[in-house]
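Number of protein chains: 2
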Amino acid sequence: MKSTEDRILLAHGSGGRLSHELVQKSLVPSWSNPVLNRLDDAAVFKLSGRLAFTTDSYVVSPIFFPGGDIGKLSICGTVNDLAMCGAQPLYFSVALIIEEGFRLAELERIVTSIKEATEEAGVEIVTGDTKVVPRGSADKLFINTAGVGLIPEGVDISGSNARPGDKILLSGTIGEHGLAVMSQRESLEFKIPIQSDCAPLNKLVVDMLAASPEIHCLRDPTRGGLATTLNELATQSKVGMRIDEENIPLQEAVRATCELLGFDPLYVANEGKLVAILPPTDAERVLNQMRQNCYGREGAIIGEVVEQHPGRVVMRTRLGTSRLIDMLSGDLLPRIC
Amino acid sequence: MKSTEDRILLAHGSGGRLSHELVQKSLVPSWSNPVLNRLDDAAVFKLSGRLAFTTDSYVVSPIFFPGGDIGKLSICGTVNDLAMCGAQPLYFSVALIIEEGFRLAELERIVTSIKEATEEAGVEIVTGDTKVVPRGSADKLFINTAGVGLIPEGVDISGSNARPGDKILLSGTIGEHGLAVMSQRESLEFKIPIQSDCAPLNKLVVDMLAASPEIHCLRDPTRGGLATTLNELATQSKVGMRIDEENIPLQEAVRATCELLGFDPLYVANEGKLVAILPPTDAERVLNQMRQNCYGREGAIIGEVVEQHPGRVVMRTRLGTSRLIDMLSGDLLPRIC
Chain A
522 MKSTEDRILL
532 AHGSGGRLSH
542 ELVQKSLVPS
552 WSNPVLNRLD
562 DAAVFKLSGR
572 LAFTTDSYVV
582 SPIFFPGGDI
592 GKLSICGTVN
602 DLAMCGAQPL
612 YFSVALIIEE
622 GFRLAELERI
632 VTSIKEATEE
642 AGVEIVTGDT
652 KVVPRGSADK
662 LFINTAGVGL
672 IPEGVDISGS
682 NARPGDKILL
692 SGTIGEHGLA
702 VMSQRESLEF
712 KIPIQSDCAP
722 LNKLVVDMLA
732 ASPEIHCLRD
742 PTRGGLATTL
752 NELATQSKVG
762 MRIDEENIPL
772 QEAVRATCEL
782 LGFDPLYVAN
792 EGKLVAILPP
802 TDAERVLNQM
812 RQNCYGREGA
822 IIGEVVEQHP
832 GRVVMRTRLG
842 TSRLIDMLSG
852 DLLPRIC
Chain B
522 MKSTEDRILL
532 AHGSGGRLSH
542 ELVQKSLVPS
552 WSNPVLNRLD
562 DAAVFKLSGR
572 LAFTTDSYVV
582 SPIFFPGGDI
592 GKLSICGTVN
602 DLAMCGAQPL
612 YFSVALIIEE
622 GFRLAELERI
632 VTSIKEATEE
642 AGVEIVTGDT
652 KVVPRGSADK
662 LFINTAGVGL
672 IPEGVDISGS
682 NARPGDKILL
692 SGTIGEHGLA
702 VMSQRESLEF
712 KIPIQSDCAP
722 LNKLVVDMLA
732 ASPEIHCLRD
742 PTRGGLATTL
752 NELATQSKVG
762 MRIDEENIPL
772 QEAVRATCEL
782 LGFDPLYVAN
792 EGKLVAILPP
802 TDAERVLNQM
812 RQNCYGREGA
822 IIGEVVEQHP
832 GRVVMRTRLG
842 TSRLIDMLSG
852 DLLPRIC
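Those sequence lines, one after another, are chains A and B. Numbering-wise (my numbering), the first sequence opens with residue 522 and increments by one. Numbering-wise (my numbering), the second sequence opens with residue 522 and increments by one.
It does not matter which identical chain is meant; a pair holds if it fits inside one copy or across any two.
In silico BS3-like pairs for lysine-lysine, Cα to Cα no more than 25 Å straight-line:
1) Lys546 x Lys759
2) Lys567 x Lys724
3) Lys712 x Lys661
4) Lys724 x Lys688
Source of the hints: derived by calculation from the structure; they are not laboratory data. The structure presented is a predicted model; accordingly, all values stated were derived computationally and were not measured.
Construct all of the structure, not just a fragment, from the sequences and the given hints.
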């Protein structure tokens, strides 16, 4: 029988001695900073101005996938939610729900991924929580992160700010994250050369805002894909949108896999892409700046905001026809993030 | 066969149409406020000063128990973590991980509990997230909350601030939450007249700070109970502690149930109690103020901080002997919060 010492026990979540050891040996040293290290009930820091605050739980399955894992995802996803308000992400919480029996070696890999992602994004983990539930009461590991950021003066980004005439920019190719995760599901029998695009986009947003502070909307097309994100923005801003299929960047492997499986890449999740909506006068300048950043190299102008058909998104297909692009209904791929 | 319409489906977590309907029909109307209602990727608000930031995931089983439910707990627990830094809790996130098949009627009860707890504590839910996992991948419902609060000028509370000579105050009777939850476990065959003490303590803390801004430490003895909390504070502050068993408030039903089951109430979780450590000159004044508040009526001075045996807690028992009170080791009652 294998030793239980390399696995998470219920007592690791009891709040007692093993909980303290787990936190102090496995978590705090890797994420160390003066605010976290105080280990009080809450983190304390000084901050003044317009703050952005967001949270997401990550339940992706499997927890390791090409291009990332649940740890990297849990930082990048929340960094991106803050960046989509134009905020500089600063302080993060990380809360783990671990299934009894989870391997400590896997936890260590994920703790390291989290550390690397925070370093790339320039954020600090300042508070956290660990719960352990009995075997069968959760699937391996769920992570919640919440983040606090600061919005620079003069930035006013919201999903309700799109105006007719604005251009719609997309920072790169779509559909990789969803397919990369799906390709690892146990039931799937083929392997595809697709990596998740999981990445922190806050520095790309800083670059774009330097090129034009007049960016009206930013959003990352995660669950529900590009189609759902554009519908959300059209609804919130009470405008219509027209996009061109031939301008939407797409990797050949993604196109082929979607065709094979009957998926529409417009509905497949991304974790390292953003949609930006801004005045036409600034569009080329922002696009050029975007393309200088490693996460925006394949950026493109994919369409524009119109007065007609408010709340609806229409796509001109490669065949020249028009197609109404609805929000995702049903669930294409569960547990993608 | 029962209709699936009154249950949570995987598609409620897809990010698509059903997710939007769930958020806009079942969550936002109940928790409505101008910041939340914008529904951008992050909440935006102005705030300046020393902020406190904390998170906890709640995995309590069962999700309904005498005196509360997972919703009330998820607000009170995080309110209390902020209050234990002396902060005024302000802005909250709520992230749900729901098992496919969960009843919408139960979700509604919990959403209402959350609303009532936020109203009592005076906090606002400004951002959130909903994930759905397939049946068997989680146990009914897990909730994560994170909270942001503001620390008033002149308040400096930390687990490392206890000084020899300080008095140790406890706001009331111990052990109710743990026993109340345990009494609902399916395997248990008896019922006990014990309700969870689950409550928001932020207003009690405001009252106590009004009586003395010199409070050195505050902590709520949750997982691991009073014994573990005192050990944490003794370790963080590098001091010893002496407490008197006969001064620790205890309900007769809790005493009897613990005796029957072989539990030590010092290790049983509380969700509406706090420990305060402060200079002896202010102890009676703070105690009197505490007793005016409905959550501090049975407050008591239970011991003092000493120079000797740093990091250790010693209790004088009712029999007059001395007993070393260690931190909880192992897990007394899993999934208590």
